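The listed protein sequences correspond, in order, to chains F and P.
At position 75 of the first sequence (counting the first as 1) the number is 75 in this note's numbering, and the numbers step up by one without a gap.
If you want this note's numbering, it's the 1-based position in the second sequence plus 1000.
Hints were generated in silico from the structure; no laboratory data involved.
Errors might be hidden in some of the hints.
Unchecked claim - Footprint (simulated), chain P over chain F, 3 or more residues, beta carbon under 8 Å:
no., stretch
1, 54 to 60
2, 114 to 126
3, 130 to 139
Claimed, not checked - Covered by chain F, according to a simulated footprint, are these stretches of chain P (three or more residues, beta-carbon under 8 Å):
no., stretch
4, 1282 to 1291
5, 1348 to 1357
All values derive from a computational prediction rather than experimental measurement.
By construction, the Cβ of each residue, glycine as well, lies at the ideal position given by its N, Cα and C atoms.
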Amino acid sequence: MAEGRMVTTRLDVAAMEAAVADVANGAICSFVGQVRRQSRGREVSYLEYNAYVPMAEKMLLRIAQQAEEQWGCQVAIQHRIGRIELGEASVAVAVGSPHRAEAFAACRWCIDTLKETVPIWKKEVCPDGSFWIEGEEALKADNS
Amino acid sequence: MPTSGGLYKSLLAGKAIGCTAVQLFTSNPRQWNAATLKDTEIEAFQAAREQTGIPFAVAHDSYLINLAAPSAEVLERSQQAFRAELDRAEQLQLQWVVTHAGAHLNQGESEAMERLAESLRQILAATDAEGYRVGIALETTAGQGTGLGWRFEQLGQLLRDVGAHPRLGICLDTCHIFVAGYDLRDEAAYERTWAEFDQQIGLKNLKVIHANDAKKPLGSRVDRHEHIGKGEIGIEAFARLAADPRLQHAPIVIETPDAEIMHVVNLAKLKRLAAGEPLDMTIRVHFFGHYSDYFAGEPQSVTLPEGATVRDLADHLAKRDPRLTGLERSCRFAVDEEYANLDAILTEEATVAVLPPMSGG
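Can you make the complete structure from the sequences, with help from the hints?
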C-alpha cells in the first residue's frame, strides 16, 4: 500500500522502512534528506518548510503509487513541514522491492519527482535574515 | 423580506438591497390567529411605500390555510383566514396575495378541486362587492404530499372552473415546477415548459414569478429552495428567465435561503442576468513562497467575470498589485489542487494556488 504523507513531527525512517519490508522484498532502499549548515555560502540556523498541504499530500501519494506500479515495489514517502533543525530529516523515501536495481531506481525517481512537482517551499533562517528558496533564487523574507 | 419591527421594515430592507418588488407575510404564517392591522401600521407601510418607491408588493398567505380542506370546520376557518389575508393586503395596497392551492388529504382530489374553486368564487365575489383591488395569485406547488396545483393542467382547469377574473392569476415558482417535473435546464426544456404553461394556463395569467433554484432533482416533488444558479436548475435557466421578453409583465420575487446575507447576492445576480451582463465569480487565491508574505499567508478573494481563465487571473492580479506582475511566467498554477495551464477556465468558488519554483526535499 503506497504511502505519501506530510508530517509536522520528526520523521521515523525506521518505521517507514519497516512498512515496505515485506518478506517478498530482498532490497530496502531509503533516501533521507536532512538540513545542512551551509547553503549558497550562507550559514543556516534552521529551516522553515511551508507547503500547500492538501495538494502536496495528494501528490506525494500519487508519486508513491506511480513508482509502485512502474517498478513493482512498495513505497513510503514522508515530508516534514514547520521548523526543522540542522541535522534533522526533512524528507524520507523508503522503497522495498524483490531486487536492488528497482529499489534504487524507484527511490531516486521519487525524490527527483518530489522536488520538481510537490508544492513545498523552504525558508532558510540565517543569522542575517530569512530567505525563501524558489528554485535557484533566494528571496529575502518579510519576517527577517 | 423580513417584517420584524413592523411590516414597513420589509420595504426598507428591500430598498436597501435594490429591490423593485417585495413579498411579505402580513401575519405569522404558522399561526391561525392574526390581529387586524392598526392604523399606525398601515400608515407606516404607506409612508415607506412612498419613500422607497417600490412599485410592487405582494403578500404570501399563511401556510395553514387550505381552501380545499375536506373538513368543513377547517375549510371555514381557512376561508375566514384567507379573507383576513385579503383584507390586510387590501389595506396595505398590495397587488397580490400568493397562496398555495391547498391539499386534498386523500379525501378525493376532484372534490377538493371543487371546494377550492368554490372558495375562490365566494371570496372573489365578496371582495368584488367591496371594491377590492388586491388579487389572488395561485402558486404552482411542488407536488409534496396531497398538495394541489403542481400540474399546469390542474391550475388551468381551476382558472376555468372559477371563471376568468381580473383579480385571479398564477404565481409560478421555478423550484416548485422543477421538482414537480417541469424541466427548465436547457433551452429546449425551458421552451417546452413555457409552451405547456401557455397552453394549459396562459402566459397572460402569469402574475408573479418566484425565482428559486432547487436543492432536489427534477421530478423529486421535494420542495427545498437553493440560491440562484447553485442548485439542480442551474444558472442557464435563470439567465433565460430574467431576460425573457414574454415574462416581463410578471415581477420576480426570490425566496432563497439565508435572506439576511444572501438576498443581496441573489438579487444582484438576477439583475445582471436580466441586463444580459456576464456574471462575476469569486475565486480564492492562495499564494506560496515569498508571495505569501505579501498577504500574511492568507488566501485572497478575487472577483472575475464568468468564464475567466488562469491567464485572466494572472493579468488581474498584476493590475491589482504590481508586485504580482509576471506570475504567468514565474509560477505554476493549481486549480482545486491540480496543476492547470494558463488556458484553464475557472469556475465559481474555484481555489487557485500560485506556485513559485518549489524547494521541497
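Do the hints match the structure? See the list:
no.	hint	verdict
1	54 to 60	holds (count 4)
2	114 to 126	holds (count 9)
3	130 to 139	holds (count 7)
4	1282 to 1291	holds (count 4)
5	1348 to 1357	holds (count 4)
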